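Protein chains: 2
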Amino acid sequence: MKLENKKIAILATDGFEKSELFEPLNGLKKEGAEVHIISIKEGDIKSWDVDDWGESIAVDKLVKNANVADYDALVLPGGVINPDLLRVTEEALDFIRDFYNQEIPVAAICHAPWLLISAGIIENRTVTSYNSIKQDVINAGAHWEDKEVITDNGLITSRNPKDLPAFVAKIIEEITEGKKAN
Amino acid sequence: MKLENKKIAILATDGFEKSELFEPLNGLKKEGAEVHIISIKEGDIKSWDVDDWGESIAVDKLVKNANVADYDALVLPGGVINPDLLRVTEEALDFIRDFYNQEIPVAAICHAPWLLISAGIIENRTVTSYNSIKQDVINAGAHWEDKEVITDNGLITSRNPKDLPAFVAKIIEEITEGKKAN
Chain A
10 MKLENKKIAI LATDGFEKSE LFEPLNGLKK EGAEVHIISI KEGDIKSWDV DDWGESIAVD
70 KLVKNANVAD YDALVLPGGV INPDLLRVTE EALDFIRDFY NQEIPVAAIC HAPWLLISAG
130 IIENRTVTSY NSIKQDVINA GAHWEDKEVI TDNGLITSRN PKDLPAFVAK IIEEITEGKK
190 AN
Chain B
10 MKLENKKIAI LATDGFEKSE LFEPLNGLKK EGAEVHIISI KEGDIKSWDV DDWGESIAVD
70 KLVKNANVAD YDALVLPGGV INPDLLRVTE EALDFIRDFY NQEIPVAAIC HAPWLLISAG
130 IIENRTVTSY NSIKQDVINA GAHWEDKEVI TDNGLITSRN PKDLPAFVAK IIEEITEGKK
190 AN
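If you read the protein sequences in the order shown, they are chains A and B. Position 11, counted from 1, in the first sequence is what this note's numbering calls 20; the numbers after and before it change by one each time, with no gaps. Position 56, counted from 1, in the second sequence is what this note's numbering calls 65; the numbers after and before it change by one each time, with no gaps.
Possibly wrong hints are sitting among the right ones.
Identical copies look the same in the list; a pair holds intra-copy or inter-copy alike.
[Said to hold, decoys possible] Here are the simulated SDA-like pairs of lysine to any residue, each with C-alpha atoms no more than 25 Å apart in a straight line:
| id | residue 1 | residue 2 |
| --- | --- | --- |
| 1 | K27 | T160 |
| 2 | K143 | E132 |
| 3 | K171 | V97 |
| 4 | K143 | E99 |
| 5 | K143 | K156 |
| 6 | K15 | L34 |
Derived by calculation from the structure, the hints in this document are not laboratory data. Model, not experiment: these values are computed from the prediction.
Let the hints inform the model, and build the full structure from the sequences given.
Spelled out as structure tokens, the structure:
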């Protein structure tokens with residue numbers, strides 16, 4: 010198992026795309042990682058399953074009680090509603106920014122790069138995203154490419170649920186390689 | 010009645026914020042306007058009512074069959090899902106752009122300014138929007154202000170459902186004043 014003794018944070022709230030949380034969660038746990046669901050609300054958060062609400066998952070920790078230094082990576086699932094709610098929450102943006110500042114890998118898929126825009130950490134980075142937000146990503150100063158997964162100095166991005174196998178594999182690779190050379 | 014013999018297009022698809030379509034629809038019809046629901050799909054489109062799917066409305070015309078010159082204004086409701094679907098549809102963006110090019114008033118509320126970004130018609134304009142997309146709007150080159158309604162040469166924008174009375178009143182005013190001085 011490649012991720013023994015590794016701890017990974019998944020930051021999400023209601024409206025996260027179901028596959029984009031559960032597939033990384035299961036893939037990373039399978040490699041031995043301890044994975045925490047971090048949110049801005051207590052209790053359960055409700056997924057979005059393609060075109061309607063889907064199954065929920067229990068929150069392990071509120072973002073205000075989570076310590077970035079405890080983790081070896083941050084995963085940001087997409088969904089349209091989830092990042093739209095998180096990006097107006099200053100403590101969520103601070104949390105994301107702290108991973109960046111402490112040079113710990115950050116992985117964002119689908120609509121989650123909106124969070125990288127709001128956290129102010131996407132400028133001059135080479136990334137991908139869901140097609141609908143491509144213009145927002147480019148306008149924020151990023152270099153956008155149409156690839157299943159892109160890594161730029163510890164920042165991992167993918168386009169949509171079809172890219173999940175490549176996305177999860179790249180997260181595992183980045184964590185086992187250690188801290189990013191920012 | 011202030012809008013007799015006036016025709017107004019509302020462009021939306023599934024996930025439009027319910028109040029942001031129905032309140033302009035009813036307010037504009039009350040002044041005598043003929044209002045058409047234009048979409049990228051036939052049949053009904055389903056609203057989003059604050060935190061879940063809400064009532065549907067019948068589509069009058071597909072965007073590909075609609076003629077911009079027939080209308081005296083275009084209204085773009087928000088919702089998170091609706092503009093995210095429309096902004097990847099080239100014929101929807103062409104439709105919006107044609108209103109702009111023909112100097113016919115365009116009104117966008119909440120998350121609908123994403124459509125103005127994707128249509129490429131927001132640069133150097135003074136606008137407002139829903140708070141979560143403020144950064145996207147600014148990054149697209151617009152001047153963002155925190156007001157219930159802003160008009161800039163025929164481009165009318167508001168922040169959220171609470172602004173609807175001011176938003177609808179301003180649409181009526183812009184139409185009765187005639188074409189914008191672009």
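Status of the hints after comparison with the structure:
In this assembly of identical chains, K27 and T160 lie within 25 Å of each other by CA distance solely inside one copy; the values are 23 Å within and 40 Å between copies. When the C-alpha separation of K143 and E132 is checked against a cutoff of 25 Å, the pair qualifies both within a copy, at 13 Å, and between copies, at 17 Å. When the C-alpha separation of K171 and V97 is checked against a cutoff of 25 Å, the pair qualifies only between copies, where the shortest distance is 18 Å, while the shortest distance within a copy is 28 Å. With identical chains, the CA atoms of K143 and E99 are at most 25 Å apart both within one copy (23 Å) and between copies (14 Å).
In this assembly of identical chains, K143 and K156 lie within 25 Å of each other by CA distance solely inside one copy; the values are 12 Å within and 28 Å between copies. Taking CA atoms no more than 25 Å apart as the test, K15 paired with L34 passes inside one copy only; the shortest distance there is 13 Å, against 55 Å between copies.
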